[in-house]
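Engineer: Sequence:
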Amino acid sequence: MEPFESVPSLIGRATRLYFQNLGFLAAVTLAVFLPSKLVLAWVCWLFDLAPDGVASYLIMDFGDLVFSAWLIPAAIYGLEARLRSGKPARLGESLRWGKKIWGTAFWNKLKVEITIMLWTALLIVPGIVAMMKLAFVDPIVALDSDKVDQPLQRSRELTDGIRWRILLALLPALVLGLAHTYGTLRALQYSRWLMVAADSLLAILDQWMTAAVLLMYLGRRPAPASKSSVRRHT
Numbered sequence: 052m053e054p055f056e057s058v059p060s061l062i063g064r065a066t067r068l069y070f071q072n073l074g075f076l077a078a079v080t081l082a083v084f085l086p087s088k089l090v091l092a093w094v095c096w097l098f099d100l101a102p103d104g105v106a107s108y109l110i111m112d113f114g115d116l117v118f119s120a121w122l123i124p125a126a127i128y129g130l131e132a133r134l135r136s137g138k139p140a141r142l143g144e145s146l147r148w149g150k151k152i153w154g155t156a157f158w159n160k161l162k163v164e165i166t167i168m169l170w171t172a173l174l175i176v177p178g179i180v181a182m183m184k185l186a187f188v189d190p191i192v193a194l195d196s197d198k199v200d201q202p203l204q205r206s207r208e209l210t211d212g213i214r215w216r217i218l219l220a221l222l223p224a225l226v227l228g229l230a231h232t233y234g235t236l237r238a239l240q241y242s243r244w245l246m247v248a249a250d251s252l253l254a255i256l257d258q259w260m261t262a263a264v265l266l267m268y269l270g271r272r273p274a275p276a277s278k279s280s281v282r283r284h285t
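Each residue of the sequence shown is one higher than the last, beginning at 52 in our numbering.
All the given hints hold, so there is nothing to weed out.
Computed cross-link-like contacts, DSS-like style, restricted to lysine-lysine with a CA-CA straight-line distance of at most 30 Å:
no.: 1; residue 1: Lys151; residue 2: Lys198
no.: 2; residue 1: Lys162; residue 2: Lys198
no.: 3; residue 1: Lys151; residue 2: Lys162
no.: 4; residue 1: Lys138; residue 2: Lys151
no.: 5; residue 1: Lys150; residue 2: Lys198
no.: 6; residue 1: Lys138; residue 2: Lys150
The calculated label-pair distances, taken between Cβ atoms and stated as ranges, are:
no.: 7; residue 1: Tyr241; residue 2: Lys198; range: 45 to 55 Å
no.: 8; residue 1: Val117; residue 2: Val199; range: 15 to 25 Å
no.: 9; residue 1: Arg237; residue 2: Phe70; range: 18 to 28 Å
no.: 10; residue 1: Ile179; residue 2: Trp96; range: 32 to 42 Å
no.: 11; residue 1: Leu116; residue 2: Trp93; range: 17 to 27 Å
no.: 12; residue 1: Asp99; residue 2: Leu236; range: 17 to 27 Å
no.: 13; residue 1: Phe113; residue 2: Lys138; range: 27 to 37 Å
no.: 14; residue 1: Ser242; residue 2: Leu81; range: 13 to 23 Å
Don't read these hints as lab results, they were simulated from the structure. Cβ coordinates follow ideal geometry from the N, Cα and C atoms, glycine included.
Please work from the sequences and hints to get the whole structure.
Structural biologist: Given below as structure tokens:
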């Protein structure tokens with residue numbers, strides 16, 4: 052795997068990886084997010100919670116955290132398999148892997164979110180620094196949870212010395228995230244159900260960041276990318 056040394060090169064490789072696997076990324080995102088968001092929206096409707104109210108926002112936001120702990124490992128698993136074998140990722144196999152490690156992924160995502168939130172409460176810049184320090188937690192959990200006991204600490208070690216480079220490489224994800232937010236809020240002006248559809252579809256854009264972070268991690272990962280994969284499939 053090519054080392055992460057050039058930001059433009061990383062952005063180009065992440066974009067190619069994203070579009071080469073767009074069908075898979077769209078399928079895995081919609082398979083996880085669309086039904087889960089529909090259920091959460093139905094719960095909010097059942098309890099007559101305003102679509103733009105605080106309660107609805109908290110429920111949907113927590114739902115994103117819960118189900119992204121299934122989605123992101125599944126997406127990473129499929130992308131890594133494509134990079135390793137050159138063959139298209141298998142949706143069912145990826146979803147099963149994401150489901151298998153959901154508990155570990157959710158617990159570590161929760162710790163990441165709390166850490167970033169606490170640092171952001173102090174000042175914006177420390178919050179951004181915390182995000183860069185913990186940028187590799189998702190791929191560490193998805194690919195190496197059997198070998199790494201402390202994913203947050205491992206991420207801090209692997210990102211040491213390249214955090215500004217990571218920030219620059221992920222700037223396109225900021226633009227995509229803003230487009231996602233804008234589209235979702237516009238859809239919410241019409242109905243909560245349209246918002247669910249728009250949010251789920253626009254979440255496919257967020258997978259560019261998944262591709263970028265995976266490539267950065269594989270470029271910094273000491274062990275060969277195939278080692279954990281062989282262990283998983285045996």
